[in-house]
Amino acid sequence: MKSYSNTYIFIFATVMVIIVATLLTFVAETLRPYQEKNVEVEKKLDILRSVGLAAEVGEVDSKSLYVEKEYAENITKSLVINMDGEINEDVDAFTVNLKVELAKAPEDRMLPIFIYTAPDGQDVVIIPLQGKGLWGPIWGYVSFEQDMNTIFGAIFAHAKETPGLGAEISEDFFHEQFSGKKIFDEGEKFTSIKVLKGGTSPDDPHAVDAISGGTITSVALEEMLYDCLGNYELYFKNKSISHE
Amino acid sequence: MSEREPLFSSKNMKLLRDPLNDSNPITVQVLGICSALAVTVKLENSVVMTMSVIAVMAVSNVVISLLRKTIPPRIRIIVQLTIIATMVILVDEILQAFAYEVSKQLSVFVGLIITNCIIMGRLEAFALANKPWPAFLDGIGNAAGYGVIMIIVAFFRELLGSGTIWGFPVFEKIGLYDVGYVNNGMMILPPMALITVGIIIWVQRSRNKELIEDN
Numbered sequence: 009m010k011s012y013s014n015t016y017i018f019i020f021a022t023v024m025v026i027i028v029a030t031l032l033t034f035v036a037e038t039l040r041p042y043q044e045k046n047v048e049v050e051k052k053l054d055i056l057r058s059v060g061l062a063a064e065v066g067e068v069d070s071k072s073l074y075v076e077k078e079y080a081e082n083i084t085k086s087l088v089i090n091m092d093g094e095i096n097e098d099v100d101a102f103t104v105n106l107k108v109e110l111a112k113a114p115e116d117r118m119l120p121i122f123i124y125t126a127p128d129g130q131d132v133v134i135i136p137l138q139g140k141g142l143w144g145p146i147w148g149y150v151s152f153e154q155d156m157n158t159i160f161g162a163i164f165a166h167a168k169e170t171p172g173l174g175a176e177i178s179e180d181f182f183h184e185q186f187s188g189k190k191i192f193d194e195g196e197k198f199t200s201i202k203v204l205k206g207g208t209s210p211d212d213p214h215a216v217d218a219i220s221g222g223t224i225t226s227v228a229l230e231e232m233l234y235d236c237l238g239n240y241e242l243y244f245k246n247k248s249i250s251h252e
Numbered sequence: 109m110s111e112r113e114p115l116f117s118s119k120n121m122k123l124l125r126d127p128l129n130d131s132n133p134i135t136v137q138v139l140g141i142c143s144a145l146a147v148t149v150k151l152e153n154s155v156v157m158t159m160s161v162i163a164v165m166a167v168s169n170v171v172i173s174l175l176r177k178t179i180p181p182r183i184r185i186i187v188q189l190t191i192i193a194t195m196v197i198l199v200d201e202i203l204q205a206f207a208y209e210v211s212k213q214l215s216v217f218v219g220l221i222i223t224n225c226i227i228m229g230r231l232e233a234f235a236l237a238n239k240p241w242p243a244f245l246d247g248i249g250n251a252a253g254y255g256v257i258m259i260i261v262a263f264f265r266e267l268l269g270s271g272t273i274w275g276f277p278v279f280e281k282i283g284l285y286d287v288g289y290v291n292n293g294m295m296i297l298p299p300m301a302l303i304t305v306g307i308i309i310w311v312q313r314s315r316n317k318e319l320i321e322d323n
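Protein sequence lines, in the order shown, are assigned to chains V and G. Residue numbering for the first sequence follows our numbering, beginning at 9 and increasing consecutively. Residue numbering for the second sequence follows our numbering, beginning at 109 and increasing consecutively.
Hints are computed from structural coordinates only; laboratory data are not their basis. Computed from a predicted structure; not experimentally measured. Don't take each hint at face value.
Unchecked claim - Here are some of the chain G residues that sit facing chain V, going by a computed Cβ distance under 7 Å:
no., residue
1, N129
2, S131
3, P180
4, I197
5, L198
6, E201
7, L203
8, A205
9, Y208
To be verified - Chain V side only, calculated, beta carbon under 7 Å to chain G, not exhaustive:
no., residue
10, Y12
11, I17
12, F18
13, I19
14, V28
15, L32
16, A36
17, L39
18, Y42
19, Q43
20, N46
Glycine is no exception: its CB is placed at the ideal position from the N, C-alpha and C atoms.
All chains, please: the whole structure from these sequences, using the hints.
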């Protein structure tokens, strides 16, 4: 076998790394606009699905066109508030990165809200969620009926949860459990929704069944609901009072 | 060598054909089992995974083969790993840009192609010692051998577990549910993939006696 000098090995390794790095940077930069577009369409689709819209997305030819159209027609308003429920007019809710906001001190957080106007004229408030799963981020959208207590619909998604186990949080059977649950108890105390291992009674208004085999993801989801919805507690209370 | 070997000589065709049967990476060499368990719940995922592995494997094999005379043996494993990792990242980036849905479902498993023992094994055992064209065929052959098993497993798991083929509800259309048939939820879970692979190995060995060890 030919023997190689150390100098040769160093030069070989350096050249290889430079070529690889250049190639990957070039490809990542070239494909970024496509990937960002996909992410944007996905976010709009998630928002629509949390209020039970965009059901035909599997059957349309152009997913992005369909989602853009549905979003423009149905999501009539979006706003950004702070922890005290005051509206911040300067920011577009769609561009707020919730992960960055949650890392800030509570009083500095900008909290996005999306509003869907149902055919009967009812405004449905959609709250985005962001949390940490087992392997990577998990997120979701929960929408509320006018009492700001009863859940209208919910969807969850994940980046890297285990397929077949934790990844099941993004399936319809899991989402469907949330409709009709309540986040405030009778004493108007914020209780969020518990994700219970071992099952829960369907009559329990504050709990849903966890995913079998996805305990860590289920717990993470429960924490995400508590942490994210908790930020909106004042807004919810003010809004439900003004509505009554 | 005075005479050039024809491109599809019987020796080269053997490189393509063997991994599909006698030296199948999954059923005979029992490599790459982890992803065979994970992404075979749906046919579509398996096909995309297969195509990704074929691309990664063929290109890495060719690149390593082209560089085989310049790669210092002392760092060859790192070089192989770098090239596989580069290819996998490229595949991942392309899926994210043009097949977002699938890339979401395959999630971590595209990244885990890097750890697929079949690829590293072929680079080390074949590409380092052979010319680019045979290395290319060897890569395609082995990835296809992997893919065939993936697709067979996925076909049965999707059909029996969810009652669909490529998302099309076969059992619903032929009215099987009306006579009391219920999907087997077990098929969705990873252990059933192992059992399915086991059945394939059993069938293969009962047909091909050469594969049976004498003990």
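Tested hints:
{"no.": "1", "hint": "N129", "in the structure": "violated, 29 Å"}
{"no.": "2", "hint": "S131", "in the structure": "violated, 27 Å"}
{"no.": "3", "hint": "P180", "in the structure": "holds, 4 Å"}
{"no.": "4", "hint": "I197", "in the structure": "holds, 6 Å"}
{"no.": "5", "hint": "L198", "in the structure": "holds, 6 Å"}
{"no.": "6", "hint": "E201", "in the structure": "holds, 5 Å"}
{"no.": "7", "hint": "L203", "in the structure": "violated, 10 Å"}
{"no.": "8", "hint": "A205", "in the structure": "holds, 4 Å"}
{"no.": "9", "hint": "Y208", "in the structure": "holds, 4 Å"}
{"no.": "10", "hint": "Y12", "in the structure": "holds, 4 Å"}
{"no.": "11", "hint": "I17", "in the structure": "holds, 5 Å"}
{"no.": "12", "hint": "F18", "in the structure": "violated, 10 Å"}
{"no.": "13", "hint": "I19", "in the structure": "violated, 10 Å"}
{"no.": "14", "hint": "V28", "in the structure": "holds, 5 Å"}
{"no.": "15", "hint": "L32", "in the structure": "holds, 6 Å"}
{"no.": "16", "hint": "A36", "in the structure": "holds, 6 Å"}
{"no.": "17", "hint": "L39", "in the structure": "holds, 4 Å"}
{"no.": "18", "hint": "Y42", "in the structure": "holds, 4 Å"}
{"no.": "19", "hint": "Q43", "in the structure": "holds, 5 Å"}
{"no.": "20", "hint": "N46", "in the structure": "holds, 4 Å"}
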